[in-house]
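Protein chains in written order, with our numbering: chain A, 1 to 115; chain B, 116 to 225.
There could be a bad hint or two in this list.
Keeping only pairs whose Cα atoms sit at most 20 Å apart, straight-line, the calculated EDC-like set for lysine to aspartate or glutamate is [what the hints assert, rightly or not]:
| id | chain 1 | residue 1 | chain 2 | residue 2 |
| --- | --- | --- | --- | --- |
| 1 | B | Lys206 | A | Glu58 |
| 2 | B | Lys160 | A | Asp26 |
| 3 | B | Lys206 | A | Glu103 |
| 4 | B | Lys157 | A | Asp11 |
| 5 | B | Lys117 | A | Glu58 |
| 6 | B | Lys157 | A | Asp87 |
| 7 | A | Lys65 | A | Glu86 |
| 8 | A | Lys65 | A | Asp11 |
| 9 | B | Lys194 | B | Asp172 |
| 10 | B | Lys157 | A | Glu103 |
| 11 | B | Lys160 | A | Glu103 |
Think of the hints as simulated: they come from the structure by calculation, not from any bench.
A quick note: this is a predicted structure, and the numbers were derived from the prediction, not measured.
This is what each chain is made of:
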Amino acid sequence: SAVISQKPSRDICQRGTSLTIQCQVDSQVTMMFWYRQQPGQSLTLIATANQGSEATYESGFVIDKFPISRPNLTFSTLTVSNMSPEDSSIYLCSVGGRDISYEQYFGPGTRLTVT
Amino acid sequence: RKEVEQDPGPFNVPEGATVAFNCTYSNSASQSFFWYRQDCRKEPKLLMSVYSSGNEDGRFTAQLNRASQYISLLIRDSKLSDSATYLCVVKGTGRRALTFGSGTRLQVQP
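Starting from the given sequences, assemble the full structure and let the hints guide the process.
As C-alpha cells, then:
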C-alpha cells in the first residue's frame with residue numbers, strides 16, 4: 001500500500017478563516033479522495049480529486065466551500081473556506097489501491113477545530 | 116434508508132470470545148466489499164476484502180451474501196488488541212469512491 005502523509009495533523013482556527021490541508025503520496029496514484037469524519041460519525045466523501053481537471057463533488061459539498069487542487073499524481077490539497085464551528089471535523093485523504101480490487105488507503109487525517 | 120447499515124454496538128466481550136458483526140447494504144449493484152478497522156483517533160485501515168466465496172485471514176472470517184445484501188465479519192479468540200470500531204464498506208457502481216457504514220464498536224475485556 002502507498003504511504004500517505006497529511007499536513008497539518010491538527011489545527012485550531014477562528015471562524016471565517018480558511019485552512020488548506022495537504023496530502024502527499026509516496027507514489028503516483030490515479031485516484032485520490034477527500035473524506036470528512038465528524039465527531040462520533042463515520043466517513044463521508046467530500047470529493048474525488050482528479051488530476052488535470054476539476055474535482056468531482058458529492059451532494060452537499062461545493063467547490064466554493066471546499067476547493068481542491070490536484071496538480072500531479074502524488075499531491076492534492078483541500079481548502080476549508082470561511083470556516084464555521086460546524087466544520088470541526090477530521091479530514092482524511094485516501095488513495096485507490098494499485099490494482100482493480102478498489103480498496104483504499106487513508107492518510108493519518110487532519111483534526112480541525114473551529115472556534 | 117442508509118446505503119450501508121451496521122449495528123453500532125458497543126459489543127463488550129471477554130478475551131477469547133467469538134464475536135460476529137453484520138452489515139446490510141441497499142444497492143444491489145454494489146461491486147466490492149470491505150471491512151476496515153478504525154482505532155480511536157486514528158485513520159481507518161483495511162482489515163480485509165470480502166469475496167462471494169467468503170474469505171478467512173487468521174482469526175477473521177468475512178462472508179458476503181449477495182442475495183440478501185448482507186456482509187458479516189467473524190472474529191474468533193478475541194484479543195484485547197481487537198478493541199476498535201469495525202467499518203463495513205461498500206463500493207457502488209460507476210465510481211471508485213467508497214461508502215462507509217457508521218461502524219460497530221468492539222470492546223474486548225480481560
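Okay, the hints, checked on the actual structure:
no.: 1; hint: B/Lys206 - A/Glu58; verdict: holds (15 Å)
no.: 2; hint: B/Lys160 - A/Asp26; verdict: holds (17 Å)
no.: 3; hint: B/Lys206 - A/Glu103; verdict: holds (9 Å)
no.: 4; hint: B/Lys157 - A/Asp11; verdict: holds (16 Å)
no.: 5; hint: B/Lys117 - A/Glu58; verdict: holds (16 Å)
no.: 6; hint: B/Lys157 - A/Asp87; verdict: holds (19 Å)
no.: 7; hint: A/Lys65 - A/Glu86; verdict: holds (13 Å)
no.: 8; hint: A/Lys65 - A/Asp11; verdict: holds (18 Å)
no.: 9; hint: B/Lys194 - B/Asp172; verdict: holds (15 Å)
no.: 10; hint: B/Lys157 - A/Glu103; verdict: holds (18 Å)
no.: 11; hint: B/Lys160 - A/Glu103; verdict: holds (10 Å)
Every hint, counting from the list given before, is met by this structure.
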